[in-house]
Amino acid sequence: MNGVWIMAGITWREALRRKILWTALVAGALLLAVFAAAMHLQVLEFQGRAMSPFVRYQVEAGMLMIGLYTCDLLAVVLTILTSIDTIAGEIGSGTIQAIATKPVARWQIVLGKFLGFVAMIAAYVAVTYAATIWVARATTGVLPQHPLLGYLLIVFECVIALALTFLFGTWFSTLTNGVLVLGLQGVAFMGGWLEQVSGFSQSVHIVTLGIASSLLMPGESVWRRAAYELQTQLAGSLSFSPFANVSIPSLLAMGYAAAYLAVALGVAVWHFQRRDL
Amino acid sequence: MSNANGRGGGRSGWWLVLIPVALVLWTTATASGRTLRHRFFAALRIARPEAVSVNVPAFSGPTGSRRLQDAIASMLASRARVTREAADSAVPDSAAAARLAGFAPHLVAGRADKPSFAVQTPRSMTLTVDRGQLQTVMSEVGQSSGAVPAGVDGQTLTIDTPAAVIASYGHCPVVEGQTLTNQIAQRPPPTAESSDCVILEQRPVASAQAPPGLDMAQLTGIALEVAGMSPVQMAAFQRAFSWAAALALTMPRFMRSYDTLSVNGAPAMLINTLFRRGPTYQLLWSAGGRVYVLTGYGNSADAAGLARTVGPASVGGRP
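Chains as they are written, first to last, in my numbering: chain A, 40 to 316; chain B, -5 to 313.
Hints in this document: simulated from the structure, not taken from any laboratory.
A virtual CB, placed ideally from N, CA and C, is assigned to each residue, including glycine.
Heads up, some of the hints might be wrong.
[Stated by the list, open to error] Ranges of calculated distance between the beta carbons of each label pair, as one might list FRET restraints:
| no. | chain 1 | residue 1 | chain 2 | residue 2 | range |
| --- | --- | --- | --- | --- | --- |
| 1 | A | Val243 | B | Val11 | 25 to 31 Å |
| 2 | A | Gln312 | B | Val18 | 25 to 31 Å |
| 3 | B | Ser83 | A | Val243 | 31 to 37 Å |
| 4 | A | Ala301 | B | Ser83 | 57 to 63 Å |
| 5 | A | Leu120 | B | His32 | 36 to 42 Å |
| 6 | B | Gly104 | A | Leu188 | 56 to 62 Å |
| 7 | A | Arg56 | B | Leu12 | 40 to 46 Å |
Pulled out of the complex, with its shape left as it was, chain B reads as follows:
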């Protein structure tokens, strides 16, 4: 049946097929079409939000670790400006390392072999506080009752991290960026040869110019929880390290267990890592205005003994 509204069928509907087919052909067969298609496809998706991806590599170092200050930056602001980025450079000896870093490095006297040295240059990061974002993060870690003062919104926070000296002993594996591609590519785990590898990283504690009302200790605690620590672990960590010391540290990406101990009277935390292609432990402590991270690929039972032998280098680069 055909009523008054109907005007019959016919083949006029073919344009509904022809137009899309012509469009597909044009956007695949011609250069201008392909360019337009790429632009259009790119415009259909937005880049990942930058709330937690500050303009620095997310994971770095032998443990695929994350700088605690980056976790704090990601909580406070959607964008952080790294005004001075740290860069690693190899140096021949401890004297050269001292010249470049601005302080004389301590070395591991418990190791008889000669270390190789690298210096990580200072880093400075500036960010503008987003109060709403911080409030959201606080509610996610169960601290919704702690109100963030309204005055901090839009204020600037600057974190300065001094240079670090990295002394590597033994047969240490080449550190590759812990990108997803590298993980998927299944780089082989460190060989047994790497079990003698020990890396001592040391740097003066970080400093921060924070707006009044911004509790840096509280922020550091939240960042530790975001990094995966339980409240008990976080409390133990904060007993061992001030926020300024914590800001200079990197946290292992995977933590199997931890233990609190003492290194020459200074409280320390031994973290057993859970990373197939990385080291087995990290021992962190702070003394004399510096933070130390002793990373090892061997038995974690040796860590404390080695750490207690860390001291000033004598002439010639030996402690």
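If we strip away everything but chain A, and leave its shape as in the complex, we get:
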């Protein structure tokens, strides 16, 4: 396993050297600035109105969910953009030959790089996620219900996208890899939101379509489970935000997502072992 940790360390240092993490944090800071301004303006707006504290709380909690969702989307996109090049690009440029000839097994290269990215993503999400919650807490006093579980689920969603970029990276070029993973993410996004609006149209077929798309790419359903965990049951059922409890992924769906991740990573390792470099 020593080779795995070495590769993970190299990947982490590479990310720092190429300023990937830092530029991602700048993007996150911009997002936070907009979020903080929006929350502040909302508080000022509410101060001039006589309104129910309950309604105010729900609106502010809904805004926090929007902030966390944006944080989640940014993390997933950054995961894909920063990792599509790591295997496909190194194969394409021939850099991989300098790594794969060393006494490190190929599975250790894939797993090491993967763990390096997981550490980077976990750190990135921790910073932006905690900062989003802190902004909401400081401006409105609103807090999510199960913040740690929500954090773990968002990281989980990113790691699923990461496993896919590794899987396709062992087969295709960087560009094709990016198109494939972003395309699948788009399918998951659309399926998830269609399923969400099915609560209003009460269409069983749309729910089925949403579930089918979550089987193809379970990332969005992991977010919706996170949204369910982050809100109180009362808030989730009141339709105050677009993240109301309409169709909530079960624990089995989370198990499926974990199996999906394991299979994607397993196949990536298997194929990288077999392919010509």
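For chain A, the structure is supplied; the task is to place chain B on it using the hints.
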């Protein structure tokens, strides 16, 4: 290049495509596959949590209103057991209504036309208090400082709502369930013909067997805020109605404005509703151990005048 680990490419990866394609074909083309797919898909999602969806219709009545007691139940417990559910039944006259409801109904003397009668049978609901859930709701309405006594956790609360008599005057629209489907289907709004419709609903106040330490007045206040009232509106409402009276009431789903007034000496609240396919006002008051709700589709300025003519029916069903 191929290093020592590599074993060449080949077409062995086709199974990665063939297996999912075979699975999709099997689960769409065969009966057993379809059954399994339906079960699997159903298991991938959980039902909506029941925290606020007690086992009764969420919205009912001409205003798409919600019973205040259901809002309280949803705050206190994740599940409420309705041991006796209210059901509407039409009756020919006030005497029959009195027999079924167990009290003689009052009628609107200000209306010359003959009303149609319906009786809503009594309702009883039992729930087990979830202290954690109540604490969460209290923090959401800004009452996080008010601690809920630990002793109430797991205790039983029973709310009994007596029967109601509903007297409808004029051309009242047929009430449809305010489901999402019905709203999406865009049922037409009440016609001008319905402007003469007035509905008087009356019932004795509700009773509750609550565990010690559970402040029913405070809970009613929170339920009013959850129903959409501001703190000022909630305070005005609680000045007009005891918690027992409030529990017997239904709150309009949409409220444009409200006004406090008096009906024959009893404090009352006139609520102008904001519901395109519903009535224009609801006048609520409590007197003599009963709560009254006068719902109208016409001008809300007529409400107080009509309410002041509400009194005991004489022989033959006229006041």
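Checked hints:
1. Distance hint check: the CB atoms of A:Val243 and B:Val11 are about 29 Å apart, consistent with the given range 25 to 31 Å.
2. Taken as a hint, the range 25 to 31 Å holds for the pair A:Gln312 and B:Val18, whose Cβ atoms sit roughly 28 Å apart.
3. Distance hint check for B:Ser83 and A:Val243: the Cβ-Cβ separation is about 33 Å, which falls inside the suggested range of 31 to 37 Å.
4. With their beta carbons about 59 Å apart, A:Ala301 and B:Ser83 fall inside the hinted range of 57 to 63 Å.
5. At roughly 38 Å, the beta carbons of A:Leu120 and B:His32 sit within the given window of 36 to 42 Å.
6. Restraint check, B:Gly104 to A:Leu188: a C-beta distance of roughly 60 Å satisfies the suggested window 56 to 62 Å.
7. Taking the beta carbon of each, A:Arg56 and B:Leu12 are about 42 Å apart, inside 40 to 46 Å as hinted.
In summary, the structure agrees with every hint in the numbered list given earlier.
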